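**Q** Sequence:
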Amino acid sequence: MDFRTRIDNQIFGVRATALIIKDGKIFLTKDSKGRYYTIGGAIAVNETAQDAVVREVKEELGIDSRVNQLAFIVENQFTQEGIHFHNIEFHFIVEPIGEMPDEMIEGKLKQTCEWIDIDKLVNLDVVPASLAEELPNWNGQIKQIMNMKEK
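In UniProt numbering, the protein residues as written are 1 to 151.
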């Protein structure tokens with residue numbers, strides 16, 4: 001069971017994502033609307049964030065991985081399709097074990113994957129957008145980011 005709660009029109013969740021980086025590029029998946037996402041998803045009840053990101057990489061990419069370090073903790077509020085979201089997200093630097101696939105598969109959903117130059121993220125629709133700004137300047141220390149919608 002995912003660590004996610006819905007109250008009326010608001011969903012609160014806790015997520016873990018993989019920042020898979022190699023040679024100045026990050027591995028992202030692209031949806032049908034042209035938005036780029038990291039690999040990852042909801043943390044399950046009684047699951048650590050590190051275990052969740054390893055599980056998500058295995059589920060979505062079909063490969064094993066190793067968590068190197070926590071890079072960002074993001075508190076993210078946004079509205080999508082009329083639903084208000086409030087997520088706490090743990091973004092880990094993750095090392096893949098095995099060859100990277102060309103697509104991400106999650107259930108019936110298939111999306112292409114691409115290696116994107118980190119310095120070019122600011123020109124793309126990246127979710128969460130703060131990664132496009134923060135990742136190129138990341139100094140190796142855990143950083144907290146707050147993307148709070150205006151009240």
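Just so you know, these hints were derived from the structure itself, not from any lab.
In this text the structure is predicted, and so the values were computed from the model without any measurement.
It is possible that part of the hints are untrue.
[Unchecked claim] Below, a list of computed lysine-lysine pairs in the BS3-like style, where the Cα atoms sit at most 30 Å apart:
1. Lys-30 with Lys-110
2. Lys-149 with Lys-33
3. Lys-108 with Lys-143
4. Lys-120 with Lys-143
5. Lys-120 with Lys-110
[Stated by the list, open to error] Ranges between beta-carbon positions, derived for each pair:
6. Asp-117 with Asn-46: 33 to 41 Å
7. Arg-4 with Lys-120: 18 to 26 Å
8. Met-146 with Asp-31: 21 to 29 Å
9. Glu-99 with Met-1: 14 to 22 Å
10. Lys-110 with Phe-85: 34 to 42 Å
11. Asp-102 with Gln-50: 36 to 44 Å
Glycine is no exception: its CB is placed at the ideal position from the N, C-alpha and C atoms.
**Q** Against the earlier hints, flag every one the structure doesn't satisfy and list their numbers going up.
**A** 3, 7, 9, 10 and 11
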